[in-house]
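Please model the complete structure; the sequences and the hints are all you need to start from.
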Amino acid sequence: MTHRYWLMKSEPEEASIDDLAAAAHQTLPWTGVRNYQARNFMRDGMKIGDGVLFYHSSCAVPGIAGLATVASTPYPDPTQFDPKSKYFDPKSTPENPRWLLVDVKLDRKTSLIPLTTLRETPELAQMQVLTRGNRLSITPVAPEHWRYITGRMLK
DNA sequence: GCCAACGTTGGC
DNA sequence: GCCAACGTTGGC
77 MTHRYWLMKS
87 EPEEASIDDL
97 AAAAHQTLPW
107 TGVRNYQARN
117 FMRDGMKIGD
127 GVLFYHSSCA
137 VPGIAGLATV
147 ASTPYPDPTQ
157 FDPKSKYFDP
167 KSTPENPRWL
177 LVDVKLDRKT
187 SLIPLTTLRE
197 TPELAQMQVL
207 TRGNRLSITP
217 VAPEHWRYIT
227 GRMLK
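Numbers 77 to 231, taken from the working numbering, label the letters of the first sequence in order.
Some clues are possibly wrong.
[Stated by the list, open to error] Restraint-style ranges between C-beta atoms, simulated for each label pair:
(1) P159 - A201: 41 to 47 Å
(2) T169 - Q202: 37 to 43 Å
(3) M229 - S161: 33 to 39 Å
(4) Y151 - E199: 31 to 37 Å
(5) A136 - R110: 20 to 26 Å
(6) R211 - T107: 14 to 20 Å
(7) R223 - S168: 34 to 40 Å
(8) G209 - A100: 34 to 40 Å
(9) A218 - R174: 25 to 31 Å
(10) S133 - Y224: 18 to 24 Å
(11) P198 - P159: 44 to 50 Å
(12) S133 - A100: 20 to 26 Å
[To be verified] Here are the simulated DSSO-like cross-link-like pairs (lysine-lysine), alpha carbons at most 27 Å apart as the crow flies:
(13) K123 - K85
(14) K123 - K181
(15) K85 - K231
(16) K85 - K185
(17) K231 - K185
(18) K123 - K185
(19) K181 - K162
(20) K162 - K85
(21) K231 - K181
(22) K160 - K85
(23) K167 - K85
(24) K85 - K181
Simulated from the structure, these hints should not be mistaken for lab results.
Values in this document were obtained by computation on a predicted structure and should not be read as measured data.
Think of the CB as a built atom: it goes at the ideal place given N, C-alpha and C, for glycine as much as any other residue.
Listed below in structure tokens is the structure:
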């Protein structure tokens, strides 16, 4: 079975690579996605075992912080039903949930590859996450980009 | 804190 | 269905 590859952004103040390492089974549900394109990637594109570049965003040194794998099929994000959650969505119901997530399991924490380094790497110039104005929290990663990052940039 | 980029909302 | 206003993302 051929797997796909993804880059998933997380704010380390919410869920860092260390939080993932400390979680039960080193697995966390990817809560909080409220963008339809990103949701559709999880719903329609992801399969258990797909490779994930775990990316730290909105922090001092944004960049790739670890490798992970998709660890579940898609299921409803429970935070959408919780009025106390900042991800609460009053228009969503358990009968017709709007937002889905997958579980993500740590493969390994890596040395950080800063965003600046990614941008300086000509081989990665076409990576979707690096293209102008990209704001998606989940983007597909081309196999050649995955191979370059995991094979040549990570120790 | 700024602001570019882009998604969403809602009036019409 | 258009599109202006508004909100959000996320690097800097």
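Quick rundown of the hints versus the structure:
At about 44 Å, the beta-carbon gap between P159 and A201 stays in the expected band of 41 to 47 Å. The given range of 37 to 43 Å is respected by T169 and Q202, whose C-beta atoms sit roughly 40 Å from each other. Evaluation of the 33 to 39 Å hint for M229 and S161 yields a pass: the beta carbon distance comes to about 36 Å. A hinted range of 31 to 37 Å holds for the C-beta pair Y151 and E199, which are about 36 Å apart.
Distance hint for A136 and R110: a CB-CB separation of about 25 Å, consistent with the stated range 20 to 26 Å. With their beta carbons about 19 Å apart, R211 and T107 fall inside the hinted range of 14 to 20 Å. Distance hint check for R223 and S168: the Cβ-Cβ separation is about 38 Å, which falls inside the suggested range of 34 to 40 Å. Range check, G209 to A100: Cβ separation about 37 Å, and the 34 to 40 Å hint holds.
Checked against the hint of 25 to 31 Å, the C-beta distance between A218 and R174 comes to roughly 29 Å, which is consistent with it. Distance hint check: the CB atoms of S133 and Y224 are about 21 Å apart, consistent with the given range 18 to 24 Å. The given range of 44 to 50 Å is respected by P198 and P159, whose C-beta atoms sit roughly 48 Å from each other. In this structure the hint that S133 and A100 lie 20 to 26 Å apart at CB holds, the actual value being about 24 Å.
The suggested pairing of K123 with K85 holds, with an alpha-carbon distance near 18 Å, which does not exceed 27 Å. Restraint check for K123 and K181: the C-alpha separation of about 13 Å stays at or below 27 Å, so the hint holds. Distance hint between K85 and K231 is fulfilled; the C-alpha atoms sit about 21 Å from each other, no more than 27 Å. A threshold of 27 Å between alpha carbons decides the hint, and for K85 with K185 the separation of about 15 Å falls inside it, so the pair holds.
For a cut-off of 27 Å, the pair hint linking K231 to K185 stands: about 11 Å separates their Cα positions. Between the alpha carbons of K123 and K185 the distance comes to roughly 21 Å, so the proposed pair stays at or under 27 Å and holds. About 24 Å separates the Cα atoms of K181 and K162, which keeps this hinted pair within 27 Å; it holds. Our distance criterion of 27 Å between C-alpha atoms is met by K162 and K85, whose separation comes to about 18 Å.
With a CA separation close to 20 Å, the supplied pair K231 and K181 stays within the 27 Å bound. For the proposed pair K160 and K85, the alpha carbon gap of about 23 Å is at most 27 Å, so the pair holds. Only pairs whose Cα atoms come within 27 Å are accepted, and K167 paired with K85 is accepted, the gap being roughly 25 Å. At roughly 14 Å between alpha-carbon atoms, K85 and K181 fall within 27 Å of each other, so this suggested pair holds.
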